[in-house]
Amino acid sequence: MHFDADTLMNAADMLGTVAFSISGAMTAIQRGLDLFGVFTLGIATALGGGIVRDIILGRCPPAAFVDWEYLVMAALAAWAVFLFGWYTSRGERPVSFRDSQFLNVCDAIGLGVFSVIGVQATIDAGYVENPFFCIFLGLTTGVGGGVLRDVLSCTTPAILRKHFYAMASLVGALSYYCVWPAYPSGSIFFTTGLVVFLRVMAYRYRWELPRLPFEEPKNKPET
Numbered sequence: 001m002h003f004d005a006d007t008l009m010n011a012a013d014m015l016g017t018v019a020f021s022i023s024g025a026m027t028a029i030q031r032g033l034d035l036f037g038v039f040t041l042g043i044a045t046a047l048g049g050g051i052v053r054d055i056i057l058g059r060c061p062p063a064a065f066v067d068w069e070y071l072v073m074a075a076l077a078a079w080a081v082f083l084f085g086w087y088t089s090r091g092e093r094p095v096s097f098r099d100s101q102f103l104n105v106c107d108a109i110g111l112g113v114f115s116v117i118g119v120q121a122t123i124d125a126g127y128v129e130n131p132f133f134c135i136f137l138g139l140t141t142g143v144g145g146g147v148l149r150d151v152l153s154c155t156t157p158a159i160l161r162k163h164f165y166a167m168a169s170l171v172g173a174l175s176y177y178c179v180w181p182a183y184p185s186g187s188i189f190f191t192t193g194l195v196v197f198l199r200v201m202a203y204r205y206r207w208e209l210p211r212l213p214f215e216e217p218k219n220k221p222e223t
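If you read the sequence shown in the UniProt record's numbering, its first letter stands for residue 1, the second for the next number, and so on.
Everything labelled a hint here was simulated from the structure, so no lab data went into it. For every residue, glycine included, the Cβ atom is placed at its ideal position computed from N, Cα and C. No false leads were slipped in.
Simulated restraints, written as ranges between beta carbons of each label pair:
#, residue 1, residue 2, range
1, THR7, GLU215, 48 to 58 Å
2, GLY58, PRO181, 18 to 28 Å
3, TYR183, ASP67, 25 to 35 Å
4, PHE214, ASP6, 41 to 51 Å
5, CYS154, VAL200, 20 to 30 Å
6, MET167, GLU129, 22 to 32 Å
Required output: the full structure, derived from the provided sequences and hints.
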């Protein structure tokens, strides 16, 4: 069975939407938010990066407000996470997704898929000769939803602290831009798989970019 690049890209877009919505919903439950908060974080994580990308590309309104199926898929995924948490806890025992491998994998899938989609959307908009812009919007699409999720949940954004997060998206966007001309369909699988691999390995082996140790002063001067 043969699928063209557009069909694969649409399927990948739906997969990324569901994966990021699950990630956002699980984070909301972890932060103790209510049902509305679970929906809000799930939908914001799934659609946030694409909305930022479309605004930069001058698409008004962004695709998330036109193609309603993405909003529905994100809402259904968030609802499924809430129901699963309710069923497993019976509404009584605490539900914890902290350091969950499944949460990390969902986040990695969303990151990889949307890094690819961001680059492809920029290429489709006519900027194929501008590699910096294509890769920048690939990175923006990949991490945008996660940044919005973290800000809404009062967490330091993952791109500033998490193991090889933004770098994995950057590597994925660069790889897709380089491989896409030769293998339009295969590059989708290759790049998404590469980002997922990098994120899973970073999670397992605690890969981190260098950082400087800093100790807060015990007696802070009054300001």
